[in-house]
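The whole structure should be built from the sequences, with the hints applied where relevant.
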Amino acid sequence: MKRTAFTAVVAIAVAGLIGACGSSGTSSSKAPGVTATSITFGAHEPLTGPAAPGYSEIAPASEAFFKYVNAHGGVFGRKINLLIKDDAYNPTNTVSVVHQLVLQDNVFGIYEGLGTPTHTKVVSYLNASKVPDLFVASGCPCWDNGASQPYTFGWQPNYTIEGKILGQYIKQHFAGQKVAVLYQDDDFGQGGLAGIQAEVPASSIVAKEPYQSGTTTLAPQITAIKASKATVLVDFTVPIYTAIGQLTSFTLGYKPQLVISSVGIDPTTVGGLLKSISKGKASGTGLIEGAITDGYLPSPTDAANPWIQLFQKVHDQYDAGAPFDGNVEYGMASAYTLVQALQAAGKNLTRQGLVDAINANGAKWSGPGIVPFRYSKTEHGGYAGAEIGQLRNGKIVLMGGPLTTDPSPSSPITPYKTAQAPPPASGIPTK
Amino acid sequence: VSALAARLPRATLARSLLIVAFLAVLLGLISTFISAYDDLRLAYAAYYFAVLVGLTMLTGLSGQISLGHGALMAVGAYTVALLVGNEGWALAPALVAAVVVTALIGVPVGAAATRLRGPYLAGATLAFAVGLPALADKYPGTFGGENGLSINPPVAPSFLGANFPLERWEAWVACAGALIALFALLNLVRGGFGRTLRAVRDNEIAASLCGLRVARVQTLAFVISAACAGLGGGLLAEVLQLAQPGAFPLQLSLSLLTGVVLGGLGSLAGAAWGAAALVLLPSWTTDLAHSFSLPDKVSSNLPLAIYGLILIGAMLAWPYGIQGGIQALVRRLRRGAARTSDNQPARRTG
Chain F
1 MKRTAFTAVV AIAVAGLIGA CGSSGTSSSK APGVTATSIT FGAHEPLTGP AAPGYSEIAP
61 ASEAFFKYVN AHGGVFGRKI NLLIKDDAYN PTNTVSVVHQ LVLQDNVFGI YEGLGTPTHT
121 KVVSYLNASK VPDLFVASGC PCWDNGASQP YTFGWQPNYT IEGKILGQYI KQHFAGQKVA
181 VLYQDDDFGQ GGLAGIQAEV PASSIVAKEP YQSGTTTLAP QITAIKASKA TVLVDFTVPI
241 YTAIGQLTSF TLGYKPQLVI SSVGIDPTTV GGLLKSISKG KASGTGLIEG AITDGYLPSP
301 TDAANPWIQL FQKVHDQYDA GAPFDGNVEY GMASAYTLVQ ALQAAGKNLT RQGLVDAINA
361 NGAKWSGPGI VPFRYSKTEH GGYAGAEIGQ LRNGKIVLMG GPLTTDPSPS SPITPYKTAQ
421 APPPASGIPT K
Chain R
432 VSALAARLPR ATLARSLLIV AFLAVLLGLI STFISAYDDL RLAYAAYYFA VLVGLTMLTG
492 LSGQISLGHG ALMAVGAYTV ALLVGNEGWA LAPALVAAVV VTALIGVPVG AAATRLRGPY
552 LAGATLAFAV GLPALADKYP GTFGGENGLS INPPVAPSFL GANFPLERWE AWVACAGALI
612 ALFALLNLVR GGFGRTLRAV RDNEIAASLC GLRVARVQTL AFVISAACAG LGGGLLAEVL
672 QLAQPGAFPL QLSLSLLTGV VLGGLGSLAG AAWGAAALVL LPSWTTDLAH SFSLPDKVSS
732 NLPLAIYGLI LIGAMLAWPY GIQGGIQALV RRLRRGAART SDNQPARRTG
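Here the protein sequences line up with chains F and R, keeping their order. Read in order, the letters of the first sequence correspond to residues 1 to 431 in this note's numbering. Read in order, the letters of the second sequence correspond to residues 432 to 781 in this note's numbering.
Honestly, I wouldn't trust all of these hints.
To be verified - With a straight-line Cα cutoff of 30 Å, these simulated BS3-like cross-link-like pairs (lysine-lysine) come out: (1) 229/F <-> 569/R; (2) 255/F <-> 208/F; (3) 171/F <-> 229/F; (4) 79/F <-> 569/R; (5) 281/F <-> 395/F; (6) 569/R <-> 255/F; (7) 67/F <-> 313/F; (8) 208/F <-> 569/R; (9) 569/R <-> 377/F.
I should point out that these hints are in silico values taken from the structure, not numbers from a laboratory.
This is the structure in structure tokens:
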């Protein structure tokens with residue numbers, strides 16, 4: 001017994017030491033993650049788990065775009081590296097992989113961290129550590145606070161902005177109809193619902209059904225929505241729940257006019273999910289055909305658009321294993337914005353300098369987006385609007401012209417007239 | 432080593448105090464020499480240790496299998512998150528509350544568990560592990576649903592200086608909790624309670640003939656291990672600054688049992704090996720999986736397969752866990768040393 005106790009002491013000590021020797025923490029003094037020839041960012045992504053279908057393509061597409069930029073000389077001679085860590089869309093994993101990226105891998109910044117429930121858990125840590133937290137892959141209104149979170153920047157339109165633009169379309173085109181909203185019960189779904197409520201009269205909204213991310217059925221929600229006799233169904237859902245919701249509606253014989261936020265409509269992803277969940281009974285995007293949605297990038301099937309042509313070229317060269325869909329386009333468009341930011345920050349790169357460059361120049365940038373960014377010292381919200389689209393023959397067709405607004409319920413929605421400029425062939429913007 | 436061990440005081444209390452004080456100094460020293468990320472991993476290992484030390488007592492000494500300890504950790508974590516985040520409590524009293532609340536929940540679970548044996552006990556505690564974290568989704572108003580409850584990072588006391596790293600402070604707090612659990616268990620296991628436990632494990636009928644109340648002893652063992660799990664869960668909430676259902680999946684309960692078995696069932700030292708394995712194995716397997724240039728879909732699912740292979744290999748090589756393997760190794764070395772020292776004088780005289 002005595003000896004066992006003593007080995008206990010030794011065991012704990014050795015176990016502690018093993019932990020200690022696990023890594024050689026090279027802490028560089030000034031700006032970690034950047035040298036004269038390279039700059040390293042880290043990303044937390046759902047490579048496995050419920051959000052993986054579709055979303056797992058985003059960061060590899062960004063990486064492919066960086067490879068293209070690196071092959072064209074990089075930014076100020078620096079090659080951009082992206083370390084992608086899987087967090088399985090589980091916030092607890094997000095906390096540990098982001099700590100690992102910052103403390104062990106010494107990344108310059110976190111880029112394109114994906115998800116609302118996940119990324120909200122690391123924002124205060126990243127800001128307290130003064131680590132740039134760029135272009136979060138989520139439209140949560142919670143990124144948009146330059147005063148209290150100076151290092152965090154959103155990228156895609158804030159969900160409330162999306163909700164307002166979709167809500168205005170419902171108000172104009174489906175006036176007097178009963179509207180139901182199916183939403184993920186977190187900042188994503190609640191932000192979208194807030195936008196819908198800012199535009200659609202409260203008397204028209206007959207059902208608001210939340211679901212928890214991770215659930216395996218939407219039968220209770222869809223049954224309640226069907227019972228409310230709504231003829232318009234708005235989905236603030238990630239792709240897998242768009243698919244589960246539509247299969248449930250189909251089983252129950254419920255056929256409303258669908259309105260799906262840009263988050264949950266990518267036709268390739270939803271079509272694939274419909275097929276796999278129904279074990280091959282549903283094929284293609286028939287169940288979501290005709291759905292109204294919104295887009296802030298050109299449709300990936302718009303082969304005449306020069307941005308799509310550039311992304312297609314990068315895709316064929318560096319990311320050919322993935323389908324060329326909205327997720328891949330998203331990853332490359334976001335990557336272009338990072339290149340723009342690095343270019344604006346100049347040759348002597350510091351963490352603060354990069355943040356300052358986005359604050360100062362971001363609102364003027366043109367790129368793959370059809371609307372401008374809401375970037376300033378106080379606004380960190382990403383794209384300022386979107387264009388209404390519809391799923392026709394399995395492809396998203398944008399219509400009516402780009403619209404811009406801000407998240408405040410009272411501020412108006414205005415058309416945006418500036419035409420999109422074509423991309424630089426190297427993928428690297430001139431400053 | 433054995434000479435040093437022999438010098439430890441014989442009285443249980445003084446002996447445990449000495450061991451814990453030595454470890455506290457050692458861990459404190461280690462934590463100042465390692466990187467911030469390793470401090471964080473030390474904190475992870477410490478909260479795992481607090482849970483494993485209770486579970487190894489329950490499974491190894493009392494003979495009860497629990498697959499529900501992940502859920503008990505959740506109770507501790509949510510108690511701390513609610514008290515610190517919503518009620519503004521300080522961390523220390525919140526951790527005490529986490530221990531008390533989890534122990535109270537352990538009473539009915541433990542009482543029910545004494546009526547069950549083997550796979551039925553595993554099944555019942557398994558249901559507990561699956562069901563309890565789902566309450567967070569059921570009552571999103573209180574428990575924050577899938578989004579969970581966040582708390583502010585702990586603040587190191589000001590006398591440590593303004594630049595004292597947050598991660599080191601987290602490691603200190605978690606190690607302090609783990610050492611308190613170790614102290615309690617060292618005393619319990621070495622004292623009369625430990626003897627009672629082993630008597631009940633080895634033969635329930637004989638134990639009850641000796642006048643031991645088998646059901647009460649087993650319930651008490653379950654409650655103590657639940658309290659340890661509550662402490663571990665509370666420390667987890669403090670280190671991650673988060674209590675969220677995703678932290679307590681069924682896999683957590685299974686990996687806790689894995690940690691106990693891998694470390695060495697029933698051995699408090701084994702709990703330390705188990706905790707180190709639970710922290711280090713996943714990152715090693717992930718690094719290994721990504722060192723082959725495989726397609727993303729393969730490499731992101733490979734770590735789990737490698738993990739399984741390592742477990743199978745370890746169990747074949749060390750059926751009594753890492754601690755058992757080390758003890759066997761030490762025995763063999765000592766026997767070898769004894770043989771040579773026996774032989775040498777003989778040769779000289781001969």
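Hints, one by one, checked against the model:
1. Between the alpha carbons of residue 229/F and residue 569/R the distance comes to roughly 26 Å, so the proposed pair stays at or under 30 Å and holds.
2. Taken as a hint, the residue 255/F and residue 208/F pair is honoured in the structure, with Cα atoms around 17 Å apart against an allowance of 30 Å.
3. A threshold of 30 Å between alpha carbons decides the hint, and for residue 171/F with residue 229/F the separation of about 18 Å falls inside it, so the pair holds.
4. Note on residue 79/F and residue 569/R: the hinted pairing is violated, with a Cα-Cα distance of about 48 Å set against a maximum of 30 Å.
5. A threshold of 30 Å between alpha carbons decides the hint, and for residue 281/F with residue 395/F the separation of about 21 Å falls inside it, so the pair holds.
6. For the proposed pair residue 569/R and residue 255/F, the alpha carbon gap of about 29 Å is at most 30 Å, so the pair holds.
7. Of the supplied pair hints, the one linking residue 67/F and residue 313/F holds, its CA atoms being roughly 12 Å apart against a limit of 30 Å.
8. Restraint check for residue 208/F and residue 569/R: the C-alpha separation of about 17 Å stays at or below 30 Å, so the hint holds.
9. Restraint check for residue 569/R and residue 377/F: not satisfied, since their Cα atoms lie roughly 40 Å apart, outside the 30 Å limit.
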